[in-house]
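With chain W fixed as given, assemble chain G onto it according to the hints.
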Amino acid sequence: MAIIELTDVRKVYTLGKTEVHALKGVSFEIASGEFASLIGPSGSGKSTILNLIGCIDQPTSGVVRINGTATNGMNDRELTTLRHQTLGFIFQSFNLIPVLNVYENIEFPLLLGKTAVPKAEVHDWITYLVEQVGLQDHIKHRPNELSGGQRQRVAIARALVTRPAIVLADEPTANLDSKTGQTILELMKKMNEELNTTFIFSTHDSTIVGLTDHVIRLLDGEVVEETFQGRAAAEARS
Amino acid sequence: MLSVVLKISARNVWRQKKRSFLLAGAIAFSMFVITIVNGLTGGVVDNIRVNFSHALGGHVFISGSEYREQGIVYLIADEQALLDSLAHYETSIESITRRSQAMPSLIFGSRQAMQLVYGVDFSEEDKLLSSLVVTQGSLERVTDEQTIILPRTVAERLGVEAGETVLMRLDTITGQRNVGEVIVAALIEDQERYGISAAYVNRSYLNSLLGLRPEEYQALNLFLTNMDDADEVGRGFREALGVPQPATLADIKEMDEEEAVRELFGMARVEEIEPWEGIKYQVTTINQIMEPVEAAVNVLRTIGLAIFIILLVITAVGITNTFRMILIERTKEIGTMRAFGMQQGMVRNIFLMEALLLSGGGALVGFVLYGVVSLVLGQISWDTMPAMQFFLDQGRITFDATAREVVLNTCLILAMSLLAANFPAKAAAKLSPVKAMSSNL
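Respectively, the protein sequence lines represent chains W and G.
The first sequence runs 1454 to 1691 under our numbering.
The second sequence runs -17 to 423 under our numbering.
Next comes chain W alone, as it looks inside the complex (with noise of 0.2 Å):
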């Protein structure tokens, strides 16, 4: 079942006289647990898709759905509560709350929620989010203490707190040295195993690209290629 569908999606940006088309009728789906990657140059339009994904922006015509709703005419309220009840977000640069410790940045989007939960239900939980990115022994930290790479599994810890049905993660090794970018991306994919979270990641960087089910190619504001493998290809075949 598709979680993500694109149906003939157009973004238009003005830049002063300028219109830059920066996608042109993008159309796919993403099924629910796969790990799938936008991959492409520079200006392709994978950070739009994700920006339009992730209900930050919207997009000129055509229609998102997630979950199955369109978010088309939804008000900032709506789209709101949308992102923090499905979404999760990992940035290239972190984008960490730097007056908040790592527990407190993980712990950070349940606190916006309106549902009261359990403290220790929440401790609990973090606890194990925290033991699961390896950063047990820096849970009192703050941000400028960390490393480039500790800095991204508070991210990838705090996206999940919420228990999203999707993760979206921006370039999440850009920022990274290739080891450290590989240590991430298999955490990545071991959180999508075993939490069945839906991740989506943009990448311009093909080498890693072998570590997704689910790969959509762009260039130009176009998909070009879309290509199924591993788990993803065997549902696609069944």
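Treat the hints as calculated values from the structure; they're not laboratory data.
It cannot be assumed that every hint is accurate.
[To be verified] Calculated cross-link-like contacts (lysine-lysine; reagent style DSS-like; alpha-carbon spacing at most 25 Å): (1) G:Lys109 / W:Lys1567; (2) G:Lys408 / W:Lys1567; (3) W:Lys1470 / G:Lys0; (4) G:Lys417 / W:Lys1477; (5) G:Lys(-11) / W:Lys1572; (6) G:Lys(-11) / G:Lys262; (7) G:Lys(-1) / G:Lys(-11); (8) G:Lys412 / W:Lys1593; (9) G:Lys0 / G:Lys314; (10) W:Lys1642 / W:Lys1632; (11) G:Lys408 / W:Lys1593.
[Stated by the list, open to error] Here are a few chain W residues that face chain G, going by a calculated C-beta distance under 7 Å: (12) Val1516; (13) Phe1542; (14) Asn1548; (15) Pro1562.
Source: prediction; values computed, not measured.
Glycine residues also receive a C-beta, built at the ideal position from the N, C-alpha and C atoms.
The following block gives chain G in isolation, referenced to the frame of chain W:
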């Protein structure tokens, strides 16, 4: 939600320590200035009121007058009857002084000066004696029959010094000329510029010159257990004695112009004076006498408030600019928080809470600073400055900023900060998440 807003705001305030200290410092300075002005004026008014009451011999003053063939005679003839009619207020009365008064010409050599002279019983005037600031001579011999305590300025006009004798020429209550002799026991600091310039002699001696019996008096003055009750007690006394209440502002507004001018400027309606039977009483309170002083102090308070508001406006501009800068610095952070599901209102509340914390902290620091400064200044003795004594309590400055003033000023500061931060807070809330996320900051 509030705890999240509070936690993030508090840490944001702490994050830029130098900037926060500067902003909070400006707010603290504003709070300090207005509180010190309020405290000082409040203390001065209290001290003047106390010193006035000591000089005048009470908080509520009852004088009596009889209509006789030869004219109006000021006298309280039957004290017991008067006190009986005030029995309801017995518990409010701390002590009583009884005074006579005259406006004689004081003569020394070829010089003379008109001067208000109170005839007092020094044995019941402890408060008066303790409040007098003696510049020459001493108060040791004031109980001697024919001595006078003279304001310094009057002594200078007459050219007389302590120990010398002056003549006192006055009219008796029946209108005959009389002359007496008094020795200057002490010169005291004059309070003429504040509306009180009085000399003091023994009441029995003044009575003998006025043609009254030694035990008689013209004004019964009452010290109350609580000076703040003066108006209420005064009102009760007037009701008990059948004295009309002074006109209120509402009464004056209803009067015609001529009547209002008479009432406001205390002009007697000569044509209305008609003979009466028995004693007619007049009740005055310390607050009525203090009205001109309070008016002058209110001018000071208004100037203080104006300075405070100017400081607040300057600080408000600083807060707005700082928060606009913060908005630019935290664009990406706001985008991240919005991406994870923070609603616009919460982003705005974080900014407003930061402004509240800064201004609340600043106000608190300003108030503490006021406490420290007032405590230090309150320890200094200003005895070497006789002209200041009327403003002081036993030679020391006192501060009395009321809780109402402090709360009001704090509310003004908080409201100003919220107003100043509101524009950047709204802008932060409306920031498009996608623009925030793509920020390079």
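How the hints compare with the structure:
Straight-line distance between C-alpha atoms of Lys109 (chain G) and Lys1567 (chain W) comes to about 68 Å, which puts the hinted pair past the 25 Å bound. Under the criterion of a C-alpha separation no larger than 25 Å, the hint pairing Lys408 (chain G) with Lys1567 (chain W) is consistent with the structure, at around 22 Å. Restraint check: the Cα-Cα separation between Lys1470 (chain W) and Lys0 (chain G) comes to about 43 Å, which exceeds 25 Å; the hinted pair is violated. Restraint check: the Cα-Cα separation between Lys417 (chain G) and Lys1477 (chain W) comes to about 21 Å, which is no more than 25 Å; the hinted pair holds.
In summary, the hint linking Lys(-11) (chain G) to Lys1572 (chain W) is supported, as the alpha carbons are separated by about 17 Å, within the 25 Å threshold. As the CA atoms of Lys(-11) (chain G) and Lys262 (chain G) are separated by approximately 70 Å, the hinted pair breaks the 25 Å bound. Simply put, Lys(-1) (chain G) and Lys(-11) (chain G) have alpha-carbon atoms about 16 Å apart, close enough for the 25 Å limit, and the pair holds. The straight-line distance between the Cα atoms of Lys412 (chain G) and Lys1593 (chain W) is roughly 32 Å, outside the 25 Å bound, and the hint therefore fails.
At most 25 Å may separate the alpha-carbon atoms for a hinted pair to count; Lys0 (chain G) and Lys314 (chain G) meet this at roughly 22 Å. Only pairs whose Cα atoms come within 25 Å are accepted, and Lys1642 (chain W) paired with Lys1632 (chain W) is accepted, the gap being roughly 15 Å. At most 25 Å may separate the alpha-carbon atoms for a hinted pair to count; Lys408 (chain G) and Lys1593 (chain W) exceed this at roughly 32 Å. Taking 7 Å as the C-beta cut-off, the interface hint given for Val1516 (chain W) is violated, the closest approach to chain G being about 18 Å.
Interface restraint check for Phe1542 (chain W): the shortest CB-CB distance to chain G comes to about 5 Å, inside 7 Å, so the restraint holds. With its C-beta approaching chain G no nearer than about 4 Å, Asn1548 (chain W) sits inside the 7 Å limit, and its interface hint holds. Using the Cβ-Cβ criterion of 7 Å, the hint placing Pro1562 (chain W) at the interface with chain G is satisfied: the shortest such distance is roughly 4 Å.
Against the hints set out earlier in the document, violations occur for numbers 1, 3, 6, 8, 11 and 12.
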